[in-house]
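Chains as they are written, first to last, in our numbering: chain F, 764 to 1389; chain S, 14 to 130; chain C, 33 to 261.
I should point out that these hints are in silico values taken from the structure, not numbers from a laboratory.
All C-beta atoms in this analysis are idealised placements derived from N, C-alpha and C, irrespective of residue type, glycine included.
Don't take every hint at face value.
In the DSS-like style, the derived pairs of lysine-lysine whose C-alpha atoms are separated by at most 25 angstroms in a straight line are [what the hints assert, rightly or not]:
hint: 1; chain 1: F; residue 1: Lys1263; chain 2: F; residue 2: Lys1191
hint: 2; chain 1: F; residue 1: Lys1045; chain 2: F; residue 2: Lys1256
hint: 3; chain 1: S; residue 1: Lys49; chain 2: C; residue 2: Lys222
hint: 4; chain 1: C; residue 1: Lys156; chain 2: C; residue 2: Lys222
hint: 5; chain 1: F; residue 1: Lys1191; chain 2: F; residue 2: Lys1045
hint: 6; chain 1: S; residue 1: Lys71; chain 2: C; residue 2: Lys109
These stretches of chain F come out as covered by chain C in the derived footprint (C-beta under 8 angstroms, 3 or more residues) [said to hold, decoys possible]:
hint: 7; stretch: 897-910
hint: 8; stretch: 1295-1301
Chain F is nowhere near these chain S residues, computed Cβ spacing over 12 angstroms in every case [unchecked claim]:
hint: 9; residue: Leu48
hint: 10; residue: Gly63
hint: 11; residue: Tyr66
hint: 12; residue: Val87
hint: 13; residue: Val102
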Amino acid sequence: MAVLEQPRQVGLLRRPTSLTGFWSWVTTVDHKRIGILYFWTAFFFLLVGGIEALVMRLQLAHPDLELVTGDRFNELVTMHGTTMIFLAVMPLSSAFFNYMLPLLIGARDVAFPRLNALSYWLYLFGGILLNVSWLFGGAPNAGWFGYAPLTSSVYNLGRGIDFWIQGLQLLGVSSLISAINFIVTIFNMRAPGMSLMRMPVFVWNQLATSFLLLFSLPAVTVALIMLMFDRYFGANFFNAAKGGDAILWQHLFWVFGHPEVYIIILPAMGIVSEVLPTFSRKPLFGYSAVVFSTALIAFLAFGVWSHHMFTVGQGPVVNTVFALTTMTIAIPTGVKIFNWLATLWGGSIRFTTALLYSLGFLSMFTIGGLSGVMHSAAASNLQQHDTYFVVAHFHYVLIGGALFGLFAGIYYWFPKMFGRMLDERLGKWGFWVMLIGFNVTFFPFHFLGLLGMPRRIYTYPAELGLARWNLVSTIGAFILSVGILIFLVNVWKSLRYGEKAGPDPWDGRTLEWSIPSPPPVYNFRRIPYVHTRDPHWARKYPHLAQAEEPPPAATAADSEAEHGIHLPSPSYMPILLALAITVGAFGGVFRNVPLVALGVVGTIVSVYLWSVEGEGGIVVEPEGDA
Amino acid sequence: MNEREAARAHGAVRGHAEAHGAHEGAHVVPTSTYLKVGLVLAVITAVEFGIVYVPALKPVLIPLLLILSAAKFVLVAGFFMHLKFDRWVLAGFFAAGLILALGTYLGLGAIFAHRGG
Amino acid sequence: MAEHHGTGGHALQGPARGPGAAQALAVGHPQGAGHHAHSEVGVTGIDNRKLGMWLFLASECMFFGAFIVAYIAYQGKSLSGPTPEELLNIPLTSLSTFVLLMSSLAMVLAVQAAQQDRQADARKWLLATALLGLGFLSFQAYEYTHFIHAGLTLSVNLFGTTFYTLTGLHGLHVTIGVGWLLALFLRSLKVGLGRAQALSLELAGLYWHFVDVVWIVIFTLVYLMSVLG
Ligand code: HEM
Ligand SMILES: [Cu+2]
Chain F
764 MAVLEQPRQV GLLRRPTSLT GFWSWVTTVD HKRIGILYFW TAFFFLLVGG
814 IEALVMRLQL AHPDLELVTG DRFNELVTMH GTTMIFLAVM PLSSAFFNYM
864 LPLLIGARDV AFPRLNALSY WLYLFGGILL NVSWLFGGAP NAGWFGYAPL
914 TSSVYNLGRG IDFWIQGLQL LGVSSLISAI NFIVTIFNMR APGMSLMRMP
964 VFVWNQLATS FLLLFSLPAV TVALIMLMFD RYFGANFFNA AKGGDAILWQ
1014 HLFWVFGHPE VYIIILPAMG IVSEVLPTFS RKPLFGYSAV VFSTALIAFL
1064 AFGVWSHHMF TVGQGPVVNT VFALTTMTIA IPTGVKIFNW LATLWGGSIR
1114 FTTALLYSLG FLSMFTIGGL SGVMHSAAAS NLQQHDTYFV VAHFHYVLIG
1164 GALFGLFAGI YYWFPKMFGR MLDERLGKWG FWVMLIGFNV TFFPFHFLGL
1214 LGMPRRIYTY PAELGLARWN LVSTIGAFIL SVGILIFLVN VWKSLRYGEK
1264 AGPDPWDGRT LEWSIPSPPP VYNFRRIPYV HTRDPHWARK YPHLAQAEEP
1314 PPAATAADSE AEHGIHLPSP SYMPILLALA ITVGAFGGVF RNVPLVALGV
1364 VGTIVSVYLW SVEGEGGIVV EPEGDA
Chain S
14 MNEREAARAH GAVRGHAEAH GAHEGAHVVP TSTYLKVGLV LAVITAVEFG
64 IVYVPALKPV LIPLLLILSA AKFVLVAGFF MHLKFDRWVL AGFFAAGLIL
114 ALGTYLGLGA IFAHRGG
Chain C
33 MAEHHGTGGH ALQGPARGPG AAQALAVGHP QGAGHHAHSE VGVTGIDNRK
83 LGMWLFLASE CMFFGAFIVA YIAYQGKSLS GPTPEELLNI PLTSLSTFVL
133 LMSSLAMVLA VQAAQQDRQA DARKWLLATA LLGLGFLSFQ AYEYTHFIHA
183 GLTLSVNLFG TTFYTLTGLH GLHVTIGVGW LLALFLRSLK VGLGRAQALS
233 LELAGLYWHF VDVVWIVIFT LVYLMSVLG
């Protein structure tokens, strides 16, 4: 690819120019590269969280073990939950959001490329900040939802909670920025002809997820600010001695926390909605029903938060109301499940690994959804609350649901992202081992929970009769790990020896399959004109698709292909700004005023430079005639 | 097909034709309108300031104050922030945030108070 | 804001990543008027940045709402004084509210002037906005000093906790706003403040008005309603 024009370079505002190598990644604003950075980072944290889980499972394998202390176990449980949710699963979704969104809607990048890079760096630094807590006197230890007053400076003396506060704030800012970026991109940057109702369902799910983030994150941001004020400056939000009320934390946390679970699951639903049609060679059944169900789920997600608090004594009226709203969500969810099943029905199905993971998603998520409906009955919840039954439930939706969906996405889109196929045989082995390992690990949690085993205990006496299923579960966890290992081997093999993918290895339906794998920086040589859903499919098989109107002969963007394509220039500012903010947060943890001041000044300076520098732009010449 | 035709085709698909480059700044609001709105805002504030000291109004003070501040809110958002003249999608976004916030926090407040703290 | 590329604007739009050659070339002229001149009007007919700003403000509703509900939920639950009725000064705050409202008026006049390319007016009103904002902050500084003398600290009771965080975070927003406006003013000395900068100014304006709107709510719920005891 030839660069036709570079920005003129001026003093402090020199723009980076390298197109390859280390600095090109540090300064990149290309959504595809940012997606890849998200991908590897998230996968790394998935392994970290997995190792924490294995340590916990070893500790619980047998009664009265003392492999780790109770205190350490509290840290493990907290960091495992926090890592898995905020550093592994959400960012893995974000990897696909970043990489795929512009490809799916026929755009050259997202609306704010530099902000996109900022999101990534804040995520990376936030993850690092959270995890270095292990080295500085102890990790966070109050559970992933950090209930007050466990987090108060009276009961929690170490710095762990401070790391947790600052780390989550960084991650929150990162997610908020991405959410805004994606919504603007979806609203403003679709290719000509791609009306909202022609968007791929994955994009719809991304839109819903982004709105959930946009409107739910502030609640936890506020809760964390309150907690910070309590811990740092002696405020009384959660201080019972001065009349404060710990329940306020629970409310604010779950106003965020419940939408959060849909933030985790909707991307996976989006992926499955792309994979099933591709491998059934049929359009998604009931597109508009799926879209409206998605929107309805997102909306209802804001009206159910108190179902996490059935046991705090809210009274029968409140509990009943929230039980009903919660059960209502099962309806649009059920609609989606039946639509996916109907998509398979009568299709000419190819059992690829991606499809297997999607089927895994369908079945496992349904199990998790059913135990979820059980929790939503307030009376029955009293029995299940804070037991392993709940732990079983959320791992079925988080692993069986979200993670299996994401793995489907990996097998489906890896060839597009890296240009090489993953091995299908190893893939299937990996799938079955994971599926079996997963069920052996987590199905027994249902029994343990009903036997009364509370969550977040570090050991249990032999007389309770919990030993057998705990051992089974630990064995399962190792089987599951083997499944993950097989996947890693597969990735390694594929990157080295994998078969070249070509633009359209799956006979795909959506726009990303119409361009090379991996795509060139500018994505589309010509911006496509979209005249139907599944536009790539329609172009390949005009007789099978019901195109609603003939495509125009050429699009306005044609001239671009002749005169060069404009792309935003790389920039140092995103990482600089993220660094400055992180320095401030780090200073916050250690209550080090100079460091905080440095962070604030650095932030102001970087923001100023950022705005003066502008988005910039380079002009590149498209290559070949892809 | 030239740009304009492509745009028109596009516009037709999208159901709102804006092929002629219509944009948000198009609507010109005369200065006098802004000044009038500013004046009304000042007057409402003065009224608010006045009525809180009238004992006779005590029983209806809460709804009265709420209505007056809602009026100010709507005036600033509608005129100064241009929501009245801009594309509906902006008002839609803002309304979504506002309605969710109202619904969520009214509910939260009610539940919280109901527990008796 | 007449600088959109071409008339078929939005067909080219989204996919082309808006910025045309004008933008690419504007780089390297960070001081030049060029790079504010372009606008990235997308499929919706709205500039990307403006859409983004509105989304951010929508999100801020959830942010301030949480502090407001905390204030109200803890009203009357303080275990010791001082109480709101003892301290809150309604006449003074009515005045500061007036100042902030007038700053909004100045802001909207600044944006209008910039859109009509009346640069001197735009600058004048922009400066007036920032100064009125500073005026509001002075009121707040005075109020805080007074309250602290009267024994109301962040930790003394729930009123102190919720009052200072709510109004303090609002004050922080105002401070950031003033900084933003002043930065725009300083830059305008170099690059002017006309049509080319109108969008940047409009974005700052949206933020500024939003902060004003939040204050309208705080003024009513915290100050005016305190007379009800
Ligand atoms: C590698 C497989 C995994 C294993 C073996 C595993 C195991 C565990 C165990 C033993 C606990 C502690 C339960 C307790 O003591 O209360 C736990 C908690 C938790 N796990 Fe996992 N987990 C795995 C993967 C995941 C994933 C992928 C997610 C999320 C996407 C996740 C989210 C959570 C959460 C949120 C908690 C609750 C933490 C808390 O109580 O604060 N886990 N997990
Ligand atoms: Cu929930």
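Checked hints:
1. F:Lys1263 with F:Lys1191: 19 angstroms, holds
2. F:Lys1045 with F:Lys1256: 32 angstroms, violated
3. S:Lys49 with C:Lys222: 33 angstroms, violated
4. C:Lys156 with C:Lys222: 15 angstroms, holds
5. F:Lys1191 with F:Lys1045: It holds: about 23 angstroms lies between the C-alpha atoms, which stays within 25 angstroms.
6. S:Lys71 with C:Lys109: Cα-Cα ~22 angstroms, so holds.
7. 897-910: violated (count 0)
8. 1295-1301: The restraint on the stretch 1295-1301 of chain F is violated, since only 0 of its residues have a Cβ under 8 angstroms from chain C and three are required.
9. Leu48: 31 angstroms, holds
10. Gly63: With a cut-off of 12 angstroms, Gly63 of chain S remains clear of chain F, as the shortest Cβ separation is near 34 angstroms.
11. Tyr66: 30 angstroms, holds
12. Val87: 21 angstroms, holds
13. Val102: 7 angstroms, violated
The earlier numbered hints that this structure contradicts are 2, 3, 7, 8, 13.
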